[in-house]
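Colleague: Chain residues, written in single-letter form:
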Amino acid sequence: MAGTPSCKDHKEQGQEAAGVATFVKDYMSLLLPADLNLLWTIGAMLVAVLVLMLLSGLTLALSYTPDASLAFGSVEALERRMPSGWLLRSLHMTGASFFMAALYLHVFRGLYYGSYRAPRRGLWLIGSALLVMVMITAFAGYVLPWGQMSYWGADVAGKAVGAVPLIGPVLERIFLGGDAPGTATLHRMFVLHFTLAFSIVGAVLLHVAVLHTRGSSSPSGLRGQNPARMLPFYPYFTIKDTLGVVVMALLFTLVLCFWPGLITEPANYRPANPLHTPADIEPEWYFLPFYGMLQAVPSKFAGLLVSAGAVAVLFCVPWLDRGAGWIGEQTGQRWLARLAVSALVVSFVMAGLAGSHHVQGIWLLVGRLATVGYYAYFLGFLPFYAKLANWGERA
Amino acid sequence: MTGTQVLSSSIAQARKWGGVALLLGVGLGHGPAGWAQSLAPAQAPVQNWSFKGPLGHFDLAAVQRGYAVFAGVCASCHGLTQVHFSDLAGMGLTSEQIAALAEAWQVPYGLDAEGRLKHRKAQPDDALPEPYPNAQAARAANRGAVPPDLSRITQVYPGGPDRVFALLTGYGAPPSHQNEKGSAAGEGLVGGAFSTATGGAGGFANPYAIGHRTAMPPPLRDGAVVYADGTQATAEQEARDVTTFLAWVSNPHADSKRRLGVGVALYLCFLATLLVILKRRIWSHVRK
Chain X
1 MAGTPSCKDH KEQGQEAAGV ATFVKDYMSL LLPADLNLLW TIGAMLVAVL VLMLLSGLTL
61 ALSYTPDASL AFGSVEALER RMPSGWLLRS LHMTGASFFM AALYLHVFRG LYYGSYRAPR
121 RGLWLIGSAL LVMVMITAFA GYVLPWGQMS YWGADVAGKA VGAVPLIGPV LERIFLGGDA
181 PGTATLHRMF VLHFTLAFSI VGAVLLHVAV LHTRGSSSPS GLRGQNPARM LPFYPYFTIK
241 DTLGVVVMAL LFTLVLCFWP GLITEPANYR PANPLHTPAD IEPEWYFLPF YGMLQAVPSK
301 FAGLLVSAGA VAVLFCVPWL DRGAGWIGEQ TGQRWLARLA VSALVVSFVM AGLAGSHHVQ
361 GIWLLVGRLA TVGYYAYFLG FLPFYAKLAN WGERA
Chain D
1 MTGTQVLSSS IAQARKWGGV ALLLGVGLGH GPAGWAQSLA PAQAPVQNWS FKGPLGHFDL
61 AAVQRGYAVF AGVCASCHGL TQVHFSDLAG MGLTSEQIAA LAEAWQVPYG LDAEGRLKHR
121 KAQPDDALPE PYPNAQAARA ANRGAVPPDL SRITQVYPGG PDRVFALLTG YGAPPSHQNE
181 KGSAAGEGLV GGAFSTATGG AGGFANPYAI GHRTAMPPPL RDGAVVYADG TQATAEQEAR
241 DVTTFLAWVS NPHADSKRRL GVGVALYLCF LATLLVILKR RIWSHVRK
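Taken in sequence, the protein lines are chains X and D. No gaps in the numbering here: position 316 of the first sequence is 316 in full-length UniProt numbering, and each next residue is one more. No gaps in the numbering here: position 15 of the second sequence is 15 in full-length UniProt numbering, and each next residue is one more.
Please keep in mind that the hints were generated in silico from the structure rather than gathered at the bench. Among the clues, some could well be false.
As the list claims (entries may be wrong) - To be clear about the criterion: a stretch of chain D counts as covered by chain X if any three or more of its residues have a C-beta under 8 Å from a C-beta of chain X, and this derived list gives those stretches: (1) 78 to 85; (2) 143 to 155; (3) 255 to 265; (4) 269 to 282.
To be verified - Some but not every residue of chain D turned toward chain X, in silico, with C-beta under 8 Å: (5) P54; (6) P252; (7) V286.
Beta carbons are placed, not taken as given, at the ideal position from N, Cα and C, and that holds for glycine.
Chain X on its own, in the form it takes in the complex (with noise of 0.2 Å):
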């Protein structure tokens, strides 16, 4: 009597163990282009600083306190006395710039190889959630340690949101919690930091879970698609991706521990001042370019929705682009297409710089020309260019 149930749970056991055993194979048997190059492995990069942005975040968030009385002290107090205090909080913060780096280039891989084309689209639509995701979570993640840059910044956000019409106003009492940021805020920055951390965490699963089902895209279109020309995951592609983490790693490590002045803000390790408005509010620098976007824009509410749009645009990139493609057989014109891809990533940069400057003078015209130039790589250039090409066989 008693041998039956534990051989039934051995089965059971067994079943299961098998059950993973077949999905780990067909993981790791699953084809991709032979062809794929160093861009593909930021997706593993990206997986790699997520897993270690939660442990370090789990971590902190043990002794952090959202009160806005509290919260400068408490995470001095972790930097200073906690046990590894200092290196957790300095892993969470370079992953944070690690991490929007690294998806600023697989955004970018996605545009240029046009990963984004059927069969894909649904990818590309989950992986711009996530992009937006990750940067709702950055920018509550910044408000967190409630320095001067902190406090400003959701002071900036506050107000953006308080331009849209005729809603602004309850939405801006709704995200700060009352007429300036304060306790409130820190409270909602808090949970929806956490909160959205694991979302992200489900958003990749499901990512990788597409991918797996319609196969990756390849650096030579469908002609890398050819299965006579894949090769299996394992081990030639773990074996890539490894080498893609443990580069970044030192990446990583050398700016951490060497440079940290690369990736942190002076003026947040000034404790918050609602009495003292610091002459230049500057956000991270990953948000730098929309930063530049909105200040180009002599209307408050549409400088907020050009630099929303800026981000929003991104989910229609599968529809606008009305070509088949530039790479792969038909190369016409692929010159055209890298000169607009190098203006897209020229206008993006500069509108960056265009933020970190007072956007006035000559920044004002930098950071207008930029704008446009970002647009027109979606509105002007994706629509029209096989169209183009077509013209360009002709002639």
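Based on the hints, put chain D in the right spot on chain X.
Modeller: Frame of chain X, contents of chain D only:
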């Protein structure tokens, strides 16, 4: 146009560092007016600090001497509110030494029966006591200026340790040709508004302060402290040591970070080499 008006218009002009500087009450002259140009804080000479650069490390003897200067001189006006006595173990002290060091300080300890503040000797897990009960008291005691907290000073002060050292040793330079308009020289603030040093003198001449004036009297002189290790306590030596101490307090784990970094980077380089070899082997039978 008053000095404050000029300052606020220069706020609009100030860029990132100028902004941080104004926070501290130290403007970099991006202002439109000519005097702002001439009264911009002078560029601090670059010093050769032990902790400078990605592979530097703190000279802990200098940090300890710097603590003596801080405790003997700076602490009468400036706080290190985020630091506990036990944190000072990081400058190379044993727990007995920390306990002895803490005992030299008095910390507030409740009220007595008549409502007067009581004090007791500090213990290692106490925070360093603040010199003033609040910003108003600090302002009253310092002619309207609030001495800034020094917990992160070399990180938040534009110009960093070089400028702290230059400010400490730069007194007595000939006062600028300018009038009292530019004497808005409240050196920093803690919890209150930007404060203005009042009075005819308008602070002390110092080319490294905003408007070349600071509310801080020249703090260091030869022999202001007696060093336990027998080092000659000249004013310059004191300034150098206290700057090293403040840089350490602002970033106490920088050395551990760099040490960790060297080990981890070497390990990762080794691992990356192995992985490159492995990758080439695995991919060796794939035709390009």
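Colleague: If you count the residues of the stretch 269 to 282 of chain D with a beta-carbon closer than 8 Å to a beta-carbon of chain X, do you get 3 or more?
Modeller: holds (count 8)
Colleague: For the stretch 143 to 155 of chain D, count the residues whose Cβ lies under 8 Å from any Cβ of chain X; is that count three or more?
Modeller: It holds: at least three residues are needed, and the stretch 143 to 155 of chain D offers 3 whose Cβ sits within less than 8 Å of chain X.
Colleague: Is the interface hint satisfied for D/P252? The criterion is a beta-carbon contact with chain X at less than 8 Å.
Modeller: 7 Å, holds
Colleague: Test coverage of the stretch 78 to 85 of chain D by chain X using CB-CB distances below 8 Å; three residues minimum.
Modeller: holds (count 3)
Colleague: Are at least 3 residues of the stretch 255 to 265 of chain D within less than 8 Å of chain X when you compare beta carbons?
Modeller: holds (count 8)
Colleague: Under 8 Å is the threshold here; is the Cβ of D/P54 close enough to any Cβ of chain X for the hint to stand?
Modeller: D/P54 check passes; min Cβ-Cβ to chain X is 4 Å, inside 8 Å.
Colleague: Do the numbers back the hint for D/V286, that is, is its least Cβ distance to chain X under 8 Å?
Modeller: Since chain X brings a Cβ to about 6 Å from D/V286, closer than 8 Å, the hint holds.
In terms of the numbered hints stated before, the structure departs from none.
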